[in-house]
Amino acid sequence: MKAIIENLMNGIIKSNPVLVLLLGLCPTLAVSTSIDNAFGMTAAVLFVLISSNIIVSLIRKFTPERVRIPVFIVIIATLVTIVDLSMQAFLPALSKSLGIFIPLIVVNCIILGRAEAFASKNKLPNSIMDALGMGIGFGIAITIISFFRQVIGTGDLTIFDIKILQVPGLIDNPMSIFILPMGAFLVVSILIATLRYTGVINSG
Amino acid sequence: MIKNNIKQEIIPVAFLTIVVCASVILLSLTNDITSENIEKAKNEAVKSMLNEQFPSMDDYSYYEKSDTYTVFSNDKIVGYAFMANANGYGGSIEILVALENTLLTEDDIVIHGISVISHSETPGLGERIVETVFSSQFNGITTDEVALKDNGGKIDAISGATISSSAVVEAVYKNALEKAKEIRENKDLNFDEGS
Amino acid sequence: MDNLFAIFISMALINNLVLSKFLGLCPFFGVSKKLSNAISMGLAVIMVMMAASIVSWFLYFHLLIPFGIGYMSTVIFILVIASLVQILELTIRRTNVTLYNSLGIYLPLITTNCAVLGITFINVRTGYNLIETIVSALGAGVGFTLVLAIMSGIRERLELADIPESFKGIPVAFLVAMMLGICFIAFSGMV
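Chains as they are written, first to last, in the working numbering: chain U, 15 to 218; chain G, 2 to 196; chain Z, 1342 to 1532.
Just so you know, not all the hints are guaranteed correct.
As a list, the in silico BS3-like pairs of lysine-lysine whose alpha-carbon atoms are at most 30 Å apart [claimed, not checked]: (1) Lys75(U) with Lys8(G); (2) Lys177(U) with Lys175(G); (3) Lys1375(Z) with Lys135(U); (4) Lys43(G) with Lys66(G); (5) Lys66(G) with Lys110(U); (6) Lys43(G) with Lys177(U); (7) Lys43(G) with Lys175(G); (8) Lys182(G) with Lys177(U); (9) Lys175(G) with Lys110(U); (10) Lys110(U) with Lys1509(Z); (11) Lys16(U) with Lys75(U); (12) Lys155(G) with Lys8(G); (13) Lys41(G) with Lys110(U); (14) Lys77(G) with Lys135(U); (15) Lys48(G) with Lys110(U); (16) Lys110(U) with Lys43(G); (17) Lys41(G) with Lys137(U); (18) Lys175(G) with Lys155(G); (19) Lys48(G) with Lys77(G).
In short, the hints are calculated from the structure, not lab data.
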């Protein structure tokens, strides 16, 4: 039981996939322009991550060594296509906003990485917890980054059309660089450095 | 010995094949379930796009042959619209081009307006084609005037985003001419409010 | 011809895959410590990108769409890439063992390089014809290699610089990427 909880907590802070393992950077930087996007992306990644870990763990004893990676890739690609089609059908606005980064979840190193490094070698309950933890860790990281980019870059904190606050000075003159690609690099850089400095995470 | 080797070769490939087949089955199932909703979502999107250009719209018809929309208000045609695709910087730019209903009565092809539906242009630069400042330049001009000011037309390009701007201009011009011709040739089709 | 040139410049510089589209970041930060490695990696990526783009273009427009199974594109494209990388790996192992050894694990990792899968999607979604697809893939690969090379050159120097402990490694690399990105914005003035 303790081991299972540990698997869960592992992904959230100690081995946070984005901030410590430095995986899944592409979608994190690209999609973190708004908190809505961050939530949407996290939901998609969580679904694929948990499902793929479940499937990989279940078939781990039957999977021939040689075709391991292609098999994992097909499983992940299938799950991602399911998410892609479902989003287009039921959440079209989000699908448009996340754009090609939905299908790109296929090559999100987090998912293939966990399938390869963990689920293929561990029992089902542990694999599920690992996926959950990694997914939550990813979600936390991308949400924090989006928060900063959205607030400083547009001055407006609106989540799912609920206006929460509008920073007086920034709403008229937002620091747009934060919304631009380079702003993403800046925010992540400072975030990781700060977390390391305060000891929350260890340097890789 | 040989039998074992063949077995070793075949089993991994067979496994992979089974996985791929399972994938195909699963995906076609998903496709069946979702395709209807995807169509519906697209139609909703079209309706709101047309409404934006023609606020008085209460009905529209889609003509597959010419791939155009005819917009009605109080059973009268208020305009036509179609999707145009431009090759911008970052990829395809989808533009809704709306034409005035004077198409069939006058020689000139007058643009009612354009809306940029989707694009992957650079934020802060090419992305600004979505701004009204740029798109409203197309309101009410004839196709002869659809060109960048540098080329004798009426459209001011967005500074620093000449490719994005000219991509839009080119696509609007080409497609307006093409679609207007098709609509004019299918006069009957367009007066038939049936389907 | 004008159009092809514009596509090339766009993919290589203005909409650089790494700096403005955020594709291909993992190898960007992982491999790029030695200039020679960066260049070899870049060349390998260019080859895979072009081959993958061509093959996936054919499959998409002549197989998937006509048969109405466009939704299989994700699965098919990634399998194409995985196979091409395998072939590339075998070829390099046979012809140049030192190169193979120095690239190490980064070679099979080209499969999970979002830039490669990303460019195949960009090409079909934009609806480029075959020539445009080839040029686009070439431009994207060249841009990727360029940025990778610049980055590795800078990082070689950074190794010797005095950097605060918390910034060592990825954070400072990101700051460099940010500045590179800002510089690359200047290219949009080319058009």
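Cross-check of the supplied hints:
no.: 1; hint: Lys75(U) with Lys8(G); verdict: 18 Å, holds
no.: 2; hint: Lys177(U) with Lys175(G); verdict: 42 Å, violated
no.: 3; hint: Lys1375(Z) with Lys135(U); verdict: 34 Å, violated
no.: 4; hint: Lys43(G) with Lys66(G); verdict: 19 Å, holds
no.: 5; hint: Lys66(G) with Lys110(U); verdict: 28 Å, holds
no.: 6; hint: Lys43(G) with Lys177(U); verdict: 27 Å, holds
no.: 7; hint: Lys43(G) with Lys175(G); verdict: 25 Å, holds
no.: 8; hint: Lys182(G) with Lys177(U); verdict: 47 Å, violated
no.: 9; hint: Lys175(G) with Lys110(U); verdict: 27 Å, holds
no.: 10; hint: Lys110(U) with Lys1509(Z); verdict: 37 Å, violated
no.: 11; hint: Lys16(U) with Lys75(U); verdict: 25 Å, holds
no.: 12; hint: Lys155(G) with Lys8(G); verdict: 72 Å, violated
no.: 13; hint: Lys41(G) with Lys110(U); verdict: 15 Å, holds
no.: 14; hint: Lys77(G) with Lys135(U); verdict: 68 Å, violated
no.: 15; hint: Lys48(G) with Lys110(U); verdict: 17 Å, holds
no.: 16; hint: Lys110(U) with Lys43(G); verdict: 11 Å, holds
no.: 17; hint: Lys41(G) with Lys137(U); verdict: 42 Å, violated
no.: 18; hint: Lys175(G) with Lys155(G); verdict: 16 Å, holds
no.: 19; hint: Lys48(G) with Lys77(G); verdict: 17 Å, holds
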